[in-house]
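Chemist: One-letter residues, chain by chain:
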Amino acid sequence: MVAITERLRERRSRFQFVLDRPQVLGSLFLSPAILYVLVLVGLPFLLAIYYALSAYTIYNPSYHFVGLSNFIEVVQSQTFRRTLVNTFVFTIASQFLGLILGKFGALLLLRPFAGRKIVRALIVLPWAVPIALATVAWEWMFDSLYSVINWTLEAVGLMNPANAPNWLGEPTLAMICVIIVNAWRFFPFAIVIFLAGITAVPQDVLDAATVDGAGFWRRNYQIIVPMILPIVVVGLIFGTVFTFTDLSIVYLLTQGGPVNATQVLGNLGFQIGILSGDVAHGAAISLFMLPVLFVLVILMLRFIRRREI
Amino acid sequence: MERIAKTVAREGSFYAAVTFFVVLAAFPFYWMLITAFKTNADLYNINNIPFWFNAPPTLEHFRYLFEKTLFGRWLLNSLIIGVCVVGITLATAIPAGYALARLAGRKAEALGIGIFLTYLVPPTLLFLPLSRIITLIGLQNSMWSLVVVYPTFTIPFCTWLLMGFFKTVPREIEEAAIVDGCSLLGSFVKMVIPLSLPAILTVIIFTFTLTLQEFVYALTFISSSSQKPITLGVATDLIRGDIYYWGELMAGALIASIPVAIAYNLFLDRFIAGITGGAVK
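One line per chain: the protein sequences are A and B, in this order. So our numbering is basically just the index in the first sequence, starting at one, shifted up by 71. So our numbering is basically just the index in the second sequence, starting at one, shifted up by 8.
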């Protein structure tokens, strides 16, 4: 009896010995996460490239290799070229607007005042609440007949009811609307990013600069801006990636219309690849996001690495 | 006297600016709230002042939502999806984050950054192949497809978040446990995990809110109403043809928004720390 338990303990401890090697336990701990990501991110990514090079549709699932012809056909389509321009306009304009609002909002929230916590909680809402639901609220505000925006403009005498704007029905206005909704969604994120950056600037550095005679603007642009740049860039890259590849705002507000005026890459890929079932061309359209993502990721890496120094 | 006037002007413009930001951010939600409680007669009369009730508030839209739509089912679906994804995420991200925090060297660091970067791979790049994979494993048009796919973005994010946290747990704690006879695994389970409960709670909350916020995969994979999560159900199912049920839409959006809004505000600072990944020291 004693001998058996002795042997059992021995076996257990030998097993323990293997587990006690940090390298073994480390790779054991890491493998589930890495496997998951490889199977459901890495594999689909390769599959996307494969589809884009084939003539695959859901009606005719043949992996007939067609080379780059999908890409060439996509580039030749006028809709696609318009979509590409739209996507850049949408991304750059809304990020720019969001950053400006974010910078000013952060400056306001830096100062302690009564009710600051409640104000911050309210300002964070657009970023916290699921964007699909918030977009539906905006759609109701842009309604062609019952738009609260039009009602207000009319009530203060800025607009004649006869030529009330049809926000989502005119090409330029519709583009402005999707940009506004996206900037609205991201500016709270920009505010918290700026706040996190500014509050991390050591007060003694600022005091030293003040003693040395630096005024508000010099403190702002020669100390604060360079010190918060890494964190702001990381935030901006996040915003850009999620805006550039987004489809929910456009899908819910305009469906890309009127006549592709607000069509963006994500939504076009969805319409062609999922709704029309032309997987090959849909995949090719989505892959046009890749060069931009690639540049952004490289930028991101540089800024993440910089903190090591 | 002049100085007082100046102070008043400065304070005035400060609070005016604060008010502008609050109205800008919160008005759509106020609009949601008031629409959800208005009677249809009040909503669709352009002569009424839209900012306030012109007829007594009503619960009619909420009643319709729960009795005549699948709203209750969508809530349940979202809850089930959220709980399952949280489970999968915790089971994979806690060990991975710990291993990345403790393994030294360039390799581990590169691996950590690599996992984090997959968080940046957008759904619109992967939804086509993933929808084929989902069909292949027989989960098309089922909410379980979302349980399988959502961890692809929650695992990278939470691993990164937890890695940052585990790095702040001093090694001496495990070393002391090992000296006292614990195994390496035992020291992790008995010492590190209990110390990390606040971080684990943060991860639970954020995984849950990320699953609630997701829209693209849900839209791509699921078309039958009874399988939809709440965000998708409200945004796509309450519109019949060209008829918008605005009262019901806003009521549904309101109910789904409130828990996420509260959770975010409570955990905002930790979220920022995670996303900026120590870009600020």
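Read the hints as simulated data drawn from the structure, not as lab findings. Fair warning: there could be bad hints in the mix.
Unchecked claim - What follows is a list of derived Cβ distance ranges for each label pair: (1) B:P64 - A:L361: 52 to 60 Å; (2) A:V296 - B:L67: 35 to 43 Å; (3) B:R179 - A:D275: 26 to 34 Å; (4) A:V366 - B:K198: 28 to 36 Å; (5) B:T143 - A:V276: 51 to 59 Å; (6) A:S102 - B:V187: 23 to 31 Å.
What the hints assert, rightly or not - Some chain B residues well away from chain A (every beta-carbon gap over 12 Å; in silico): (7) T47; (8) L136; (9) V157; (10) T228.
For every residue, glycine included, the Cβ atom is placed at its ideal position computed from N, Cα and C.
Chemist: Output the indices of the hints that this structure fails to meet, ascending.
Modeler: Result: hints 2, 4, 8, 9, 10 break, sorted rising.
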